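Given only the sequences and the hints, what does the whole structure look like? Please build it.
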Amino acid sequence: MKMMRRKIVLAGMLAPALLSVSGRVAAQASSFYKDKVININVAGGASGGHTRYARLIQPYLQKHTGAREVRITLMPGGGGLKAANYIWRAKPDGLNIFFGNVSTLILAPLAGSPGATFDPTKFVYLGRATSEPRVLCVGGKSAIKSIQDVQKLGRPFLYPSQGTDEDFYTMAVLADALGFKVKAVTGYEGNADTALAVIKGDGDGHITGWSESMAPIKSGDKHPILMVNSLRSPDYPRIPLVSEVAPANKQATVRAMATILETHRSYIGPPGMDPQAVAAFRAAVTAALKDPGLLEETIKGNRPVVHMEGAKQQVLIEEITKASASLSPILKAAVKEIQ
Amino acid sequence: MLEAITSGLTALLTPQAMLFMFIGVIYGLVIGILPGLGGVVAMSLLLPFTYGFETAATLALLLGAHIATIWGDSVTSILFSVPGSAKGLALCFDGYPMTKQGQAKRALAASATGALLGGIIGAIFLALCIPLIRPVILALGPSEYLMMALWGLTVIATFSEGSLMKGLIASLLGVLVAFIGMDVVTATPRFTFGSDFLMDGISFPVAMIGLFAVSEMMKLAIKGTPIVDRSLVTEVSTVWQGVQDGFRHWWLVVRSSFLGLWIGVLPGVGASVAGLAAYAQAMQTSKTPERFGKGAVEGVIAPDATMGANEGGGLMPTLAFGIPGGESMAILLVAFIGLGVVPGPDMLTKNLDLVFSMVWIIVIGNILVTIIGLGITPWLARLPSLQANLMVPIVLSVCFVGAFATRGHIEDVLVAAVFGVLGYLMDKYRYSRANFVIGMVLAVMIERNLHISLTLYGADFLLQRPIALAMLVFVVVTAALPFIRSWRREKAMVAGAGS
Amino acid sequence: MMGRRTQENVVAVALLVLFAGIIWLCRDFGPRARMIPQPLAIFGIVLTVIQILWQNLGSTDALRMDMIKVNAPRKAGTEADEGSVSGAKKPNWRREADAYGIVGALIVLFLALGPIPAVFLFTWGYFQLSGYCSWRAGLIYTTVLTAAIYLLFVVALQMQLYHGLLAPLVERLR
Chain L
1 MKMMRRKIVL AGMLAPALLS VSGRVAAQAS SFYKDKVINI NVAGGASGGH
51 TRYARLIQPY LQKHTGAREV RITLMPGGGG LKAANYIWRA KPDGLNIFFG
101 NVSTLILAPL AGSPGATFDP TKFVYLGRAT SEPRVLCVGG KSAIKSIQDV
151 QKLGRPFLYP SQGTDEDFYT MAVLADALGF KVKAVTGYEG NADTALAVIK
201 GDGDGHITGW SESMAPIKSG DKHPILMVNS LRSPDYPRIP LVSEVAPANK
251 QATVRAMATI LETHRSYIGP PGMDPQAVAA FRAAVTAALK DPGLLEETIK
301 GNRPVVHMEG AKQQVLIEEI TKASASLSPI LKAAVKEIQ
Chain R
1 MLEAITSGLT ALLTPQAMLF MFIGVIYGLV IGILPGLGGV VAMSLLLPFT
51 YGFETAATLA LLLGAHIATI WGDSVTSILF SVPGSAKGLA LCFDGYPMTK
101 QGQAKRALAA SATGALLGGI IGAIFLALCI PLIRPVILAL GPSEYLMMAL
151 WGLTVIATFS EGSLMKGLIA SLLGVLVAFI GMDVVTATPR FTFGSDFLMD
201 GISFPVAMIG LFAVSEMMKL AIKGTPIVDR SLVTEVSTVW QGVQDGFRHW
251 WLVVRSSFLG LWIGVLPGVG ASVAGLAAYA QAMQTSKTPE RFGKGAVEGV
301 IAPDATMGAN EGGGLMPTLA FGIPGGESMA ILLVAFIGLG VVPGPDMLTK
351 NLDLVFSMVW IIVIGNILVT IIGLGITPWL ARLPSLQANL MVPIVLSVCF
401 VGAFATRGHI EDVLVAAVFG VLGYLMDKYR YSRANFVIGM VLAVMIERNL
451 HISLTLYGAD FLLQRPIALA MLVFVVVTAA LPFIRSWRRE KAMVAGAGS
Chain Z
1 MMGRRTQENV VAVALLVLFA GIIWLCRDFG PRARMIPQPL AIFGIVLTVI
51 QILWQNLGST DALRMDMIKV NAPRKAGTEA DEGSVSGAKK PNWRREADAY
101 GIVGALIVLF LALGPIPAVF LFTWGYFQLS GYCSWRAGLI YTTVLTAAIY
151 LLFVVALQMQ LYHGLLAPLV ERLR
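Protein chains in written order, with the working numbering: chain L, 1 to 339; chain R, 1 to 499; chain Z, 1 to 174.
Hints are computed from structural coordinates only; laboratory data are not their basis. Take these hints with a grain of salt, some might be off.
Stated by the list, open to error - In the BS3-like style, the derived pairs of lysine-lysine whose C-alpha atoms are separated by at most 25 Å in a straight line are:
hint, chain 1, residue 1, chain 2, residue 2
1, L, Lys-300, L, Lys-250
2, L, Lys-152, L, Lys-122
3, L, Lys-34, L, Lys-63
4, L, Lys-290, L, Lys-312
5, R, Lys-294, L, Lys-218
6, R, Lys-491, L, Lys-300
All values reported here derive from a predicted model rather than from experimental measurement.
Have a look at this one:
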C-alpha cells in the first residue's frame with residue numbers, strides 16, 4: 001500500500017518534469033539511458049561536499065534515468081579544473097557528465113587563469129543541485145556596520161582570502177561596482193582561517209557561503225552587510241542585495257556575477273552533447289531532485305538541494321557571455337594585484 | 001557541570017555507541033598502518049555511514065577512528081621507517097633506529113603510552129580550557145605562526161651530521177619541492193611545466209612513501225638481509241619497558257601535550273607540523289640532545305604525546321567558534337551539521353553534555369587503542385626480522401598501492417618511485433632525508449604567513465607584533481644553543497688535552 | 001667505478017644545475033611569487049659551491065666529518081649501525097642496479113596493467129627470481145597478498161582502480 005502511494009506520488013512529480021520538454025523527445029528520453037552506464041565525474045575528493053552530494057543524488061538519478069549504473073568517479077585537482085578539462089574533451093555521447101562547482105569553472109577562464117582550457121559557455125548545462133547565497137560579513141567588533149560604511153571607509157577594505165577562489169573574484173566585482181578599494185590578503189589556509197582573521201580584526205571582512213557563516217553571525221562574531229544573490233534571504237531580510245546598492249551602469253556586471261555564483265553545484269555535459277541525452281538527463285535531474293525519497297534524506301542529513309532546470313541555466317549562461325567583456329578586465333586586474 | 005560529565009558518559013554507554021567506538025578504533029588502526037592514508041581519509045570514508053544513528057555513537061565512530069590512526073601511523077614508522085601519513089614522520093627519526101637496535105617492543109609501547117597520556121591530557125584540558133580558548137586564539141596571528149614554523153626549522157641542525165652544508169642543501173631542496181604547483185597566494189603555477197597533475201603539487205604523503213619506504217626497501221634489496229638480523233641483534237626490550245618509559249618521562253609528556261593542544265587550537269597549523277615541533281621541543285629541552293636521531297626513546301614519546309593531545313586541541317575552536325582546528329575537524333563539523341548540532345558558544349551551555357561525551361570518547365578511545373596496541377605489539381615487533389626477499393615485494397606493493405590511493409592519481413605512483421630513487425641517492429651521499437621533509441612541511445607555512453604578515457603589517461611587522469618578536473628571539477637562542485654547547489665542549493676538550 | 005669523491009662531485013654539479021634551473025624558471029613569476037624561491041635557489045648555489053670546495057680541498061677522511069660539530073663527538077660504535085655509511089660493507093654496483101630495476105619493474109607493471117595485476121605479478125615474480133620459495137608457495141602468498149590489498153583498498157576504502165595503459169589497447173583489438 002505504502003509502495004503504491006509512493007509510486008503515485010512519484011508519477012505525479014514526474015509528469016510536469018516530462019511535460020516541460022517537448023512530448024516527442026520525452027518519449028525517447030525516458031529510454032535513452034536504459035541499460036547504459038553513466039559516468040559522473042565529480043570535481044572533488046572523497047571528503048568533499050561535491051562528492052557527498054553526488055552520492056546522495058546518485059541512486060535517484062539511476063532510478064529516473066533507468067541507467068544500468070550511475071558510476072561516480074572522483075576527479076579532484078586544480079580546483080575543479082582537472083575534471084572540467086576532462087569533460088571538455090569527453091565524447092559528447094551523454095555518458096560522461098561533470099558534477100561540481102560550476103561557478104569556479106566560469107570564473108577561471110574569465111580571469112585568464114592558467115590551466116583552464118575550455119569555454120564555459122559552450123558546456124551543456126543539465127541542472128543545478130544546490131545553491132546558496134554568498135554573504136559579505138565583517139567582524140562583530142568592526143566599526144563597519146553597513147556596506148555604506150565600506151564605501152566611505154577612506155582606506156582599502158582589507159580582505160583576507162585563501163587565494164583566487166570565487167569569493168575573491170566576487171569581492172573584486174563588488175569593489176568595482178560599489179566604488180571602493182580592496183586590498184586582498186592572500187595566503188590564508190581556508191575559510192576557517194579567514195573567518196578567524198575577520199573575527200580578530202586582522203581583516204575587515206570576507207565572503208562565504210551562507211550556511212558557513214550562520215553560526216558566527218548568530219553568536220555575534222560576524223556581522224553580515226551584503227548578499228550576492230538575486231533574492232533577499234528569508235532568515236535575514238534586512239541584509240541588502242548587491243543589485244540594490246549598485247549604480248545603474250554596473251547592474252549588468254553585478255547581475256552576471258550573481259548568476260555565475262548561483263550556478264553553484266551543477267551537472268554539465270561536454271559541448272555538442274547528444275540532444276536526446278540532454279533532454280533525458282535534464283528531465284532525470286529534475287525528477288531526481290524532486291523525488292520524495294531524496295527530499296526526506298536531505299532533511300534528515302541537513303543537506304538542502306536547490307534545483308534549477310538545465311534549460312533555464314543555459315539561457316542564463318548565454319547572458320553571462322554578454323557581460324563577460326566587462327567582468328574579465330576586473331577579474332584580471334584583481335589577480336594582477338596579488339602577483 | 002558534574003551532571004554534564006556523568007550524562008556525557010552515560011550517553012556513551014549504550015551498546016550502539018560502544019560497538020561503534022570499537023569498530024572505529026579497529027578501522028582507524030588499519031587505515032593508520034596503511035601507508036599514505038591517515039585520519040582525514042579514515043573519517044571522510046566513514047562519514048557517509050553516520051546518518052541516522054545516535055549522536056554519541058556517530059561521534060564515537062568518527063573520533064575513535066581518528067584517534068586510532070595516530071598510533072597506527074606510528075607503527076610503520078617505527079618498524080620499517082615507513083610513515084603512515086604526514087603525522088608519523090617524526091617517529092621515523094628515533095623509532096626506526098630503536099627497532100634496528102632490537103628495541104621494537106619498547107618503542108611501540110612507548111609510542112602507544114605517549115599517545116595515551118597525551119590524549120588524556122588533551123581531553124582534560126579540552127574540558128577545563130574551553131572558556132580560555134577565545135583570548136588565546138585571538139592573540140595569535142600569522143606572524144606568530146611564522147615564528148613557530150621557523151622554530152621547526154631549527155631541528156635541521158640535528159640531522160645535518162656529515163656536513164652542515166649538505167644538511168642545509170637537503171632542506172632547501174625540500175622547500176623548493178613544496179613550491180611545485182599552483183601558488184594560491186599569487187595565483188601563479190610554479191614549476192608545473194604546464195602539467196595538470198603538477199598544478200596540485202607533490203602530495204606530501206606520497207613523497208614520504210618514496211623518500212623513506214621505497215628507498216629503505218631498495219637498501220634492503222641491496223643488503224639482502226632483514227632490517228633486524230636476529231642472528232646479530234636480538235630483541236632485548238619488553239613492552240613493559242616502553243610503558244614505563246612513557247610514565248618516567250612524564251614531564252616531557254606534559255610539555256609535549258601542551259604543545260599539541262596549542263597547535264591543535266590554531267587553524268592554520270597542521271598535524272604534520274605538530275610532530276616535528278614536538279620532536280624539536282623534545283630535543284631542544286633534552287640534557288643529552290646528541291642521543292636524538294639514534295634511538296632516543298624521548299624522540300618517540302614526544303611526537304605521540306603531541307599528536308594525542310592535538311585531538312583535544314583541535315576540538316576546542318571547532319566547538320567554541322564552529323571554526324575547525326584542522327582538516328579532520330572540518331570533517332567532524334560536517335558530521336555535526338548532519339546531526340543537527342550547531343557549534344558555537346551554545347555548545348558550552350546547552351550542549352555541555354555532548355562536549356563531555358567527546359571528552360570521554362577521547363579518553364576511552366585512547367585507552368582502547370593502547371590496550372589493543374600493547375596486545376599486538378609482540379607480534380608486530382617480529383615483522384622487521386622477516387627475510388628481505390619476503391619483505392621487499394610486499395612492502396613495495398603496499399606502498400605503491402597506498403601512493404595511488406592517497407589521491408587516486410596514477411601519476412602519484414610515479415612520484416613515489418622517483419622520490420624513492422631520490423631518497424636512496426640522498427641517503428647514499430648523506431644528504432639528510434629528514435631535513436628534506438622538514439623543509440617540505442614548513443615551506444608553505446613559512447611562505448604564506450610571511451606574505452600575510454607583510455601585507456597586513458608591512459616590512460616592519462615584527463615591531464608591531466611583540467609576541468612574534470619574543471618568539472623570534474627564542475628561536476634564535478634555541479638554534480644557537482647546540483653550537484655554543486659544542487664550542488664550549490671543544491674548548492674544554494682542547495683545554496683538557498693541553499693540561 | 002668512480003671514486004667516492006668523483007661521485008660526490010657529480011651529485012654536487014647536478015645540484016648546481018638544478019638550482020640554476022630554478023632561478024631561470026623564476027624569471028616568469030611575479031615579484032611575490034618569486035620572493036622566496038629565487039633567493040633560496042641562490043643560497044643553494046652558494047652552499048653547493050662551498051660544499052664542492054670543501055669536499056675537494058679537504059682530505060678524504062674529512063668527507064665524513066662534520067664541518068661544525070654540532071653535537072657531541074660520536075662514539076665509535078654508533079657509526080656502524082647505519083648500513084649506508086660509505087665505510088660499511090660496500091654494495092657492489094650489480095646489487096644497486098638490481099634495486100633500481102625492482103622499482104622500475106614495479107612502476108612499469110603499475111602503469112601498464114593497473115595496481116592489482118601489477119601487485120600480483122610483481123610479488124610472484126620477485127619470489128621466483130629471488131628463489132625465496134617454491135612457485136607453488138609463492139603463488140599462495142601472492143594470492144593472499146593481492147586479495148588482502150584488494151579487500152582493503154578497493155572494497156573497504158572504495159579506491160577507484162586504474163586500468164592501466166594496456167586495457168584500452170586490448171579493447172581496441174577486440
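Against the structure, the hints come out as follows:
| no. | hint | result |
| --- | --- | --- |
| 1 | L:Lys-300 with L:Lys-250 | violated (41 Å) |
| 2 | L:Lys-152 with L:Lys-122 | violated (40 Å) |
| 3 | L:Lys-34 with L:Lys-63 | holds (10 Å) |
| 4 | L:Lys-290 with L:Lys-312 | holds (17 Å) |
| 5 | R:Lys-294 with L:Lys-218 | violated (53 Å) |
| 6 | R:Lys-491 with L:Lys-300 | violated (72 Å) |
Against the hints set out earlier in the document, violations occur for numbers 1, 2, 5, 6.
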